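Fit chain B to the known structure of chain A by using the hints.
Chains A and B, in that order, are what the protein sequence lines are. Take the first sequence: its position 395, counted from the start at 1, is 395 in my numbering, and no numbers get skipped. With the second sequence counted from 1, adding 505 to any position gets you my numbering.
In short, the hints are calculated from the structure, not lab data. Among the clues, some could well be false.
To be clear about the criterion: a stretch of chain B counts as covered by chain A if any three or more of its residues have a C-beta under 8 Å from a C-beta of chain A, and this derived list gives those stretches [claimed, not checked]: (1) 730-744; (2) 747-756; (3) 934-944.
Computed from a prediction, not measured in an experiment: that's the story for all the values here. Heads up, the beta-carbon is just placed ideally off N, CA and C, and yes, glycines get one too.
These are the residues of each chain, in order.
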Amino acid sequence: GRLLVVPMDGSHWFTMQMIVEKLSHRGHEVVVVIPEVSWHMGKSLNFTVKLLLVLNTLEDLNYHFKFFAHNQWKTQEVGMFSLLKHSGKGFFELLFSHCRSLFKDKKLVEYLKQSSFDAVFLDPFDVCGLILAKYFSLPSVVFSGGIFCHYLDEGAQCPSPPSYVPRILSKFTDTMTFKERVWNHLSYMKERAFCPYFFKTAVEIASEVLQTPVTMRDLFSPVSIWMFRTDFVLEFPRPMMPNMVYIGGINCHQGKPLSKEFEAYVNASGEHGIVVFSLGSMVSEIPEKKAMEIAEALGRIPQTLLWRYTGTRPSNLAKNTILVKWLPQNDLLGHPKARAFITHSGSHGIYEGICNGVPMVMMPLFGDQMDNAKRMETRGAGVTLNVLEMTADDLENALKTVINNKSYKENIMRLSSLHKDRPIEPLDLAVFWVEYVMRHKGAPHLRPAAHDLTWYQYHSLDVIGFLLAIVLTVVFIVYKSCAYGCRKCFGGKGRVKKSHKSKTH
Amino acid sequence: GKVLVFPMEGSHWLSIRDVVRELHARGHQAVVLAPEVTVHIKEEDFFTLQTYPVPYTKEEYRHHLLGHLQNFFETEFSLKLVLQTMAAVNNVSTFYVRSCRGLLHNTALIQSLNSSSFDVVLTDPFFPCGAVLAMYLRVPAVFFLQSMLCELEFEATNSPNPSSYIPRLLTLNSDHMSFLDRVKNMLYPVPWMYLCHVNYGSLARLASDLLQREVSVVEILRHASVWLLRKDFVFHYPRPFMPNMVFIGGINCANRKPLSQEFEAYVNASGEHGIVVFSLGSMVSEIPEKKAMEIAEALGRIPQTLLWRYTGTRPSNLAKNTILVKWLPQNDLLGHPKARAFITHSGSHGIYEGICNGVPMVMMPLFGDQMDNAKRMETRGAGVTLNVLEMTADDLENALKTVINNKSYKENIMRLSSLHKDRPIEPLDLAVFWVEYVMRHKGAPHLRPAAHDLTWYQYHSLDVIGFLLAIVLTVVFIVYKSCAYGCRKCFGGKGRVKKSHKSKTH
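Bound-form chain A, shown alone (with noise of 0.2 Å):
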């Protein structure tokens, strides 16, 4: 078949990578759109690409990227609207402006006409994919990690009950006090207030281009098949829906072996093990001071430190920590040597942790992240920092703590052995749907009737109010007439009286 793929660059495209791929060795015909300008996005790939023309350079990517990344070190913006609204303002609006670029783009509007796909495979975070979806006409499957706002409830109508189902970027579990239930009440009302102005430049590319006034809700709700980045073994247990999909853990693999230099490394760091630190593929700097912190609390361990860095070396660095410019991160976590991971908690270190059984110590730093780090501490196999707050005795102790106290490891252990338990590997699991949606052009019957319905239809406020409307009326028929019998038997005579009165007149 014919698949047409319209990706989000940065972290979130390493996993579509690997399912794209797959999709292309099995003789599939894949079309990638990406912008010309992309950080991981259009290397080394063996399946038609179309690069799409954008107005901003890499370096303005990269700007407004570490604008938003810089500011996480400095103040913590917790929650979604100052995420949004701040620092990731300018990202967000670089993102959106790709799509107007996209549809600007005559020829390439008119390739991808006259390509006839079967499918669209795509990441909704810019919601460019699901306007070509929607303008194409064509089924569509959405890759995510998570989606933003309230647009899971309205776009697949999954219930998200707000008393036990903590929403997104809210740090909550899934047992909240009641102070924590007000507040993820409260966020849930914030985003249905607010995600309708964040998401503004989108929906109005998205109405230019269907030339008719469309919402997010619109955009989400032709959606056949939703699969996510994410696996009950770290998610809370939640409702969902038959079109979900779960396929967390799409990059837990056996481990290559490891290349003679990290193969040095690591035998030559003895009992004592490594302990593997990466902020992930995005973050390439830390402020200075906080480097130097995070130098100074590596160097009070035992174990040997791989530290993928590619800033500027700090001066206290000690022996046992090693810099690197890049790790093979899933095969290092794959050594039995390792002891600990140091991770900024993005969902691809957090499974490739869980995968490998290695517990962890946390830095989250934006988005994700802090869901993913309560989460994993919670399940008591890994330790939270507070990149702001955190000194270096804070990760040392956190260090020591996760490495020498069994329980972590255990909890780690249990969370890998029910994470690797499963009837069908994640990566044949969404080969398979997307390829469902392409043999049978979508899948209209795991469409729920809920989306056919107001939301008081939804809720069924017209029938409660219809019945109670009845009960009241029948109330007030059984109340009067009582009354009137009452009046009858026992003021009788005063009634006969004035009737009687009123004929004399």
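Coordinates of chain B only, in the frame set by chain A:
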């Protein structure tokens, strides 16, 4: 590992049996626990049958369990039928409570079960005696079922269950409902809830006595680590569910063997017209004579060969093309390319076999969810429903000719079939996987939603909403009062000053 299987009697046993066979094949030991008096459960080589004495005889059991089935051919679908169904359910449940009490108070048996230290209890919770047993033995449980009375499976798992687009059992509603349908959808389950309360109440009391703490039926059902549900969204309407619910609809379809010589001969003799398979399920043994004659007459009017599974008296007007058999390999026959149509009572087993093999259906629903099943197949254009009470020979003849000759029925059922069979993993493997999963991990606590620990008003956030509302109202009240005060100060200042003056002078 060691599996304790506590099945339900009747057709429910037939598909759990496949799972037991597969578990045995993978090297697990299965013990099937059944009452001494059974109809379907018999000793087989892939499990150990452990029976327990019950305070009734086979005759009594047959009479009470199956006796009322006759009624469905004779009573109209109406309130009376509903009442009858309720009475029947009540009757059956009384039996189950008696049998369950017999089991749970059988100290010797319980002790021997306890000492066998099972890894998992695989049970059909339609009547959740097995669940109580699992709780008592402190063994994790896997439930295997089609659906429960009052749709308790959704309450017990805490699946959201909006009545606005999820048709309630036995309402014959689809997922698209008019306003009045939705009113009906909301009201219909009310009397059933009463029935369930009565029905399961005695079991809950039994369980409370045994466990020496107060438990409700829902709590008993929450003992399940994983729910294996014999549903598929090709046939059931899409709806919310929870991560510990696994859908294995069509599990009974995989099990196909070549036809025996006898049936092979029948099928080959049918020529180009092919065959029609006719079965009203394993529970219906006899049809009232008049009805049987009408059916036989209609069957005689079509050119296909009819294979009719019927254990009652042979209708005198049976035509030559109709072959009465005491039993037929339903799935194998439906899988034969010469199968043209399937006359069924639309029990869930039959429906899934029909979908799996892509054979259009003529449906004669009798009771329970069969009406709903028939309705669903009809809306999908894959079958025709007949009312067993009113149907004449002509109706049946027409229905058969329609599904056989009108191409759209075949196309629709083939489409459903291809969607149904297109799945990443076979339902039987999935079922076995989850049973083994629960054995390996001693349950699946990470799939247990935190919703179980909330009260209903917390779950619906009524306390939070009330609190927020109270704040808003307080703020509004304060603002209003201060405004009012301010206004009085400004405009009514004079009067106020006067008054205060007055009071001072006193």
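Quick rundown of the hints versus the structure:
1. As drawn, the region 730-744 of chain B meets chain A at 5 residues by the rule of a beta-carbon pair under 8 Å; at three or more, the given contact holds.
2. As drawn, the region 747-756 of chain B meets chain A at 4 residues by the rule of a beta-carbon pair under 8 Å; at three or more, the given contact holds.
3. Counting residues of the region 934-944 of chain B whose CB lies closer than 8 Å to any CB of chain A gives 5, so the stated coverage by that chain holds, three being the minimum.
Of the numbered hints given earlier, the model fails none.
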